[in-house]
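Counting in the working numbering, the final residue of the sequence shown is number 1068, and the numbers go up one at a time with none missing.
It should be emphasised that the hints constitute simulated quantities derived from the structure, not laboratory data. If you're wondering where the values come from, they're calculated on a predicted model, not measured in any experiment. Keep in mind that a hint or two might mislead.
Okay, derived cross-link-like pairs now, DSSO-like style, lysine-lysine, Cα gap no bigger than 30 angstroms in a straight line [claimed, not checked]:
#	residue 1	residue 2
1	K767	K845
2	K932	K799
3	K932	K767
4	K783	K767
5	K845	K857
6	K799	K764
7	K932	K974
8	K1002	K845
9	K764	K783
Label-pair distances were calculated between CB atoms; the ranges are [said to hold, decoys possible]:
#	residue 1	residue 2	range
10	G963	G720	44 to 54 angstroms
11	Q965	G681	43 to 53 angstroms
12	D797	G894	32 to 42 angstroms
Glycine included, each C-beta is placed from N, C-alpha and C at the ideal position.
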Amino acid sequence: MSIGPRTGGVKAEAMEPEGLSEREEHFCSLARESGYLDETAFEEAMEIRRNRLAAGEGPTKLPTILREEGFLADDRYHELRRRVLERFPKERSIGGFRIDRKVGKGGMGIVYRAIRLEDEKVVAVKVLGDHFKHDPKLVERFVREFRAISSVRHANLVEGHDAGCEDEVYYYAMEFVDGESVKERVLRDGRFEIKEAVRIAQCVARALDAIHGAGFLHRDVKSSNVLLSEEGEVKLSDLGLAMDLESDSSLTRTGTGLGSADYSSPEQLKNAAGIDGRSDIYSLGVTLFEMLAGRVPFIAGSQASLIQRKLKEDAPDVGSFRPGIPARLRDLVNAMLSRKPEERPSEPAAVLAVLDAPLSERVLRRKTTARRRLKPRKKGGAGMWIALGALGMLAALALVVFLVAR
663 MSIGPRTGGV KAEAMEPEGL SEREEHFCSL ARESGYLDET AFEEAMEIRR NRLAAGEGPT
723 KLPTILREEG FLADDRYHEL RRRVLERFPK ERSIGGFRID RKVGKGGMGI VYRAIRLEDE
783 KVVAVKVLGD HFKHDPKLVE RFVREFRAIS SVRHANLVEG HDAGCEDEVY YYAMEFVDGE
843 SVKERVLRDG RFEIKEAVRI AQCVARALDA IHGAGFLHRD VKSSNVLLSE EGEVKLSDLG
903 LAMDLESDSS LTRTGTGLGS ADYSSPEQLK NAAGIDGRSD IYSLGVTLFE MLAGRVPFIA
963 GSQASLIQRK LKEDAPDVGS FRPGIPARLR DLVNAMLSRK PEERPSEPAA VLAVLDAPLS
1023 ERVLRRKTTA RRRLKPRKKG GAGMWIALGA LGMLAALALV VFLVAR
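Let the hints inform the model, and build the full structure from the sequences given.
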């Protein structure tokens, strides 16, 4: 599929040469109601359309003509297209996917449940926001990066299918997960059981390990991007911000590489172009904190004050919001949320080494009586975290042997 725009992304209705489709009529009605289009401009655009139909040349969709000929400004054109898409979601197809219904909306665009035409498979299609449409190089870079990251396959990653542009609409298609997000569950039920929070964090860490191992960052790990299927599967989604670790991504330089401020690391908030895998570790730490505490670490009245707090203050101890958290888990979360990247676990494998070990308080209390903030050394940090995980497993084994001997 070509990256550049082309006409024909919307399935055409049968109509007479002089007639307009129902969607085109609705578009024009909205334009009139909004005061964007008068009768003189409408008739001039219709005359251009008739001439193009007769000559068999150029775009003949009236909304496109209104925009190209200067009857509608770009921002008004895109506003009206969004409103038309809301009105006719089930009659639309794009890139080999038939749109079924809207299922979500985020900072990057609207997500629809859709059907892949070639095999009737249910997928999710995200139609990107207008800010992606004004810079062709940015769009091309986005599509290339999405296709690269979609080549990463893992059981805990939402599978990417395709990305492209049709009829001036940019989109990407991905696996559809029938369930809810961690964010939705937190808002409904509050904090998670500790074992369930750990299980979900393990799955996300494994997904990040696969992404980082393939040479990419995710850059937008957050609770609304961690999906929980009805079968209990955990899927990390929304790879649209993903960046090649070796790249000086134009996406980052233009500011679109910035994830959600609640979950972004301090260094991502300061200089999104200079981050590495430890930024994803921080974002996972925020998500784990939220599952355990029922809230994110920092709460502020505005995004500006939130960013300042994250840059200047240490994150609160998760244990102060959830008494009874195993000490090693508490220390792991606190370390993941360190302001300094070098004080965090250096890679997902280091996080997994702690999460995969038994978290029994009975075992942990035999090992330590005082709270310690665990953090990796500047050199060999991952080794320290892996060693901690191994010690936890050995302690658990020793307890089992002791009980059997009794």
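* List, from low to high, the hint numbers that the structure doesn't satisfy. => none
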